[in-house]
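Asker: This is what each chain is made of:
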Amino acid sequence: MKLNTHMTVNRIKDEVWEIPSSEKAGMVVPARIYATEPILESMDSGVFEQVTNVACLPGIRRYALCMPDGHWGYGFPIGGVAAFDLREGVISPGGVGYDVNCGMRLIRTDMTLAEVQPKLEPLLTELFKLVPAGVGSKGSVRVSREEFAEVMRKGARWCVERGYGWAEDLASLEQQGCLAGADPSKVTDHAVERGIHQLGTLGSGNHYLEIQVVSNDRIFDPRTAAAFGITGHDQIVVMVHCGSRGFGHQVASDYLKVFEKAMRKYGLSVKDQQLACAPFQSPEGQDYFAAMNCAANSAFANRQVITHQIREGFRRVFGRSAEELGMQVVYDVAHNIAKVERYQEGDLLVHRKGSTRAFGPGNPDLSPRFRDTGQPVICGGSMETGSYLLVGTEQAMRETFGSTMHGSGRTMSRAQAKRSVRGEQLKQQMAKRGILVKAVSMSGLAEEAGFAYKDISEVVESVDRAGITKKVAELRPIGNIKG
Amino acid sequence: MTLQFRFLEDIAVADCAFEASGDSPSELFRAAAQALIATLANPDTVGASWHRVVARQDPELSSLLFDWLSEMVYLKDAEGVVFREAEAEVTRDPSQGIWQLRGTLTGELIDPNRQELRADVKAVTKHLYDVRQDGPRWIARVVLDI
Chain A
0 MKLNTHMTVN RIKDEVWEIP SSEKAGMVVP ARIYATEPIL ESMDSGVFEQ VTNVACLPGI
60 RRYALCMPDG HWGYGFPIGG VAAFDLREGV ISPGGVGYDV NCGMRLIRTD MTLAEVQPKL
120 EPLLTELFKL VPAGVGSKGS VRVSREEFAE VMRKGARWCV ERGYGWAEDL ASLEQQGCLA
180 GADPSKVTDH AVERGIHQLG TLGSGNHYLE IQVVSNDRIF DPRTAAAFGI TGHDQIVVMV
240 HCGSRGFGHQ VASDYLKVFE KAMRKYGLSV KDQQLACAPF QSPEGQDYFA AMNCAANSAF
300 ANRQVITHQI REGFRRVFGR SAEELGMQVV YDVAHNIAKV ERYQEGDLLV HRKGSTRAFG
360 PGNPDLSPRF RDTGQPVICG GSMETGSYLL VGTEQAMRET FGSTMHGSGR TMSRAQAKRS
420 VRGEQLKQQM AKRGILVKAV SMSGLAEEAG FAYKDISEVV ESVDRAGITK KVAELRPIGN
480 IKG
Chain B
0 MTLQFRFLED IAVADCAFEA SGDSPSELFR AAAQALIATL ANPDTVGASW HRVVARQDPE
60 LSSLLFDWLS EMVYLKDAEG VVFREAEAEV TRDPSQGIWQ LRGTLTGELI DPNRQELRAD
120 VKAVTKHLYD VRQDGPRWIA RVVLDI
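Protein sequence lines, in the order shown, are assigned to chains A and B.
FYI, in numbering that gives the first Met the number 0 the residues of the first sequence are 0 to 482.
FYI, in numbering that gives the first Met the number 0 the residues of the second sequence are 0 to 145.
A couple of the hints might just be wrong.
[Claimed, not checked] To give an idea of the chain B side of the interface with chain A (calculated C-beta under 7 Å), a few residues:
id, residue
1, Asp76
2, Ile109
3, Asp144
[What the hints assert, rightly or not] With a straight-line cut-off of 25 Å between C-alpha atoms, the simulated SDA-like cross-links for lysine to any residue are:
id, chain 1, residue 1, chain 2, residue 2
4, A, Lys426, B, Ala37
5, A, Lys256, B, Asn41
6, A, Lys153, A, Glu192
7, A, Lys437, B, Glu115
8, A, Lys270, B, Arg113
9, A, Lys128, A, Gln428
10, A, Lys426, B, Thr38
11, A, Lys128, B, Asn41
12, A, Lys270, A, Ser41
13, A, Lys264, A, Leu85
14, A, Lys256, B, Gln95
15, A, Lys426, B, Arg113
16, A, Lys264, B, Ile97
17, A, Lys260, B, Arg131
18, A, Lys426, A, Asp233
Hint data in this document are derived by calculation from the structure and do not stem from the laboratory.
C-beta: ideal position from N, C-alpha, C; glycine also.
Just need the whole structure built from these sequences, with the hints factored in.
Answerer: Listed below in structure tokens is the structure:
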């Protein structure tokens, strides 16, 4: 086996690998990577370097973890998970990411491919108008500063109260789309000014809105799928990937600056400047947590407004209400977040960066409708290769602080992808394969070509075989909107 | 040689990195701004109906450059603009040991129908961030989160 690291990597189980704490000076705990052998071999050197840097942070418990979609990130690797003691541990914006509560939402429908295909082009055109995407795009929902503060406090609930969604939606969102402890006074004016006009926008990069199909032969667990509203028979579903937009990006930038000073104040040193952190109980740590919760709630609100617009788009094109079309939310889950959760050690601050919560059956934090099944986990692949719906397990609770993968993971640079294919060319190639694309930026489209990512099926196999999430259904793209 | 920039491909697989340089701190600031401008949109497709003066000071030149680029990212979202060009005058007050920037940004409100928009930059990062003087050249390496 040839790995992109000189470090010792021991096999613990078939899909679990460990770098012992003796491997790097300062490691407090070992690092563990979840991956099949081919996936582990494909991981860049940054993963090994960064996950062991995370293992050096004060107050970390058990392991620094990396999921199979892991790749180099800022400070933490993408796919990173780390849990910290509430008294002795730290909080790090680098463990959350710039796009606070970047996450996935899946909406089901009662429609089939045969019904949607003839109107796919007008449907995408309508959604492209209703859900602004691309550089600096502004949303249709205009709010005052006071109202934006309410968005920060209430998240998706604010939207439902204003008519952007259904009351029942909230039961299908992680933490009902509202994290406690959000304090708008901890957010800068700069952050508010960047985000106040962006509710209901996708952004760019790897963010997207996608129309997908679920075939019968791609349902792996029919019983759980049915409990999630996934029935197969070429059923149409809609997936959304986006986060807190400029607001969250600015919160992260603002507090990285604060934390640089706080590190000196508390005598903390880290292996990488992007791992800047502060004791969780310090004023700086608590302020960031309160501001981060504001950004997380704005992201839940963002995806809720987008859901409202998607329902409106379907109504306009198909002439039937979203209720008649059965457009319920399957789930909404964050993959860039830090949250206090209870494990065998007691309450811990769990950072997930490019990693998804994957609570198993019986977890009291889940809405009653998911208590028997476990939580839906939405993993977005590239726009060419498809995505997966999975379900959380008790094993994830025991092994990975209730966490799993979030997507396929990038392997090729944006520049290299652009050199390999032009946006227009890729658009035509995808159309021939039955995937229509609407993109604001053709160069941005080329950057997101399927070949720039790992094979999501292999990544999903890693977590399925490891038992930290189980496959429910594969979702095949037929229409994609990108920034 | 005058101001210039080039994108670095192998530094940030999922994001965008560049190296900017100039014969003076002023040129370096202009070059770095042009790299950011070209990341957001094709500047040749952006008009010049919007202007903003940015004045900053800092004891550290590297912090001043970081703030200059971060301010552009902020203005992109807060004002809803993309940029055509940037001017920058950077001077040092030796008596106070402070670097001073007076920058001017030119651009226009975002209009996807007329402008060739590219990537929406989330943030300027400190990953591998470096500002140095190499002989007569002032050089910066910057990684942008996309």
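Asker: Does each hint hold? Answer for all of them.
Answerer: Hint-by-hint comparison with the structure:
1. Asp76: holds (4 Å)
2. Ile109: Cβ of Ile109 (chain B) sits 5 Å from chain A, so the hint holds.
3. Asp144: Hint on Asp144 (chain B): holds, closest Cβ of chain A at ~5 Å, below 7 Å.
4. A:Lys426 - B:Ala37: OK: Lys426 (chain A) and Ala37 (chain B) at ~23 Å, within 25 Å.
5. A:Lys256 - B:Asn41: Violated, at roughly 30 Å.
6. A:Lys153 - A:Glu192: With Cα atoms ~19 Å apart, Lys153 (chain A) and Glu192 (chain A) stay inside 25 Å; holds.
7. A:Lys437 - B:Glu115: With a Cα-Cα distance of about 15 Å, the restraint between Lys437 (chain A) and Glu115 (chain B) holds, given a limit of 25 Å.
8. A:Lys270 - B:Arg113: With Cα atoms ~45 Å apart, Lys270 (chain A) and Arg113 (chain B) exceed 25 Å; violated.
9. A:Lys128 - A:Gln428: holds (24 Å)
10. A:Lys426 - B:Thr38: holds (21 Å)
11. A:Lys128 - B:Asn41: The hint holds at about 23 Å.
12. A:Lys270 - A:Ser41: holds (24 Å)
13. A:Lys264 - A:Leu85: holds (19 Å)
14. A:Lys256 - B:Gln95: Cα-Cα ~23 Å, so holds.
15. A:Lys426 - B:Arg113: holds (20 Å)
16. A:Lys264 - B:Ile97: holds (24 Å)
17. A:Lys260 - B:Arg131: Within the cut-off at roughly 22 Å; holds.
18. A:Lys426 - A:Asp233: holds (23 Å)
When each numbered hint is compared with the structure, violations occur for hints 5, 8.
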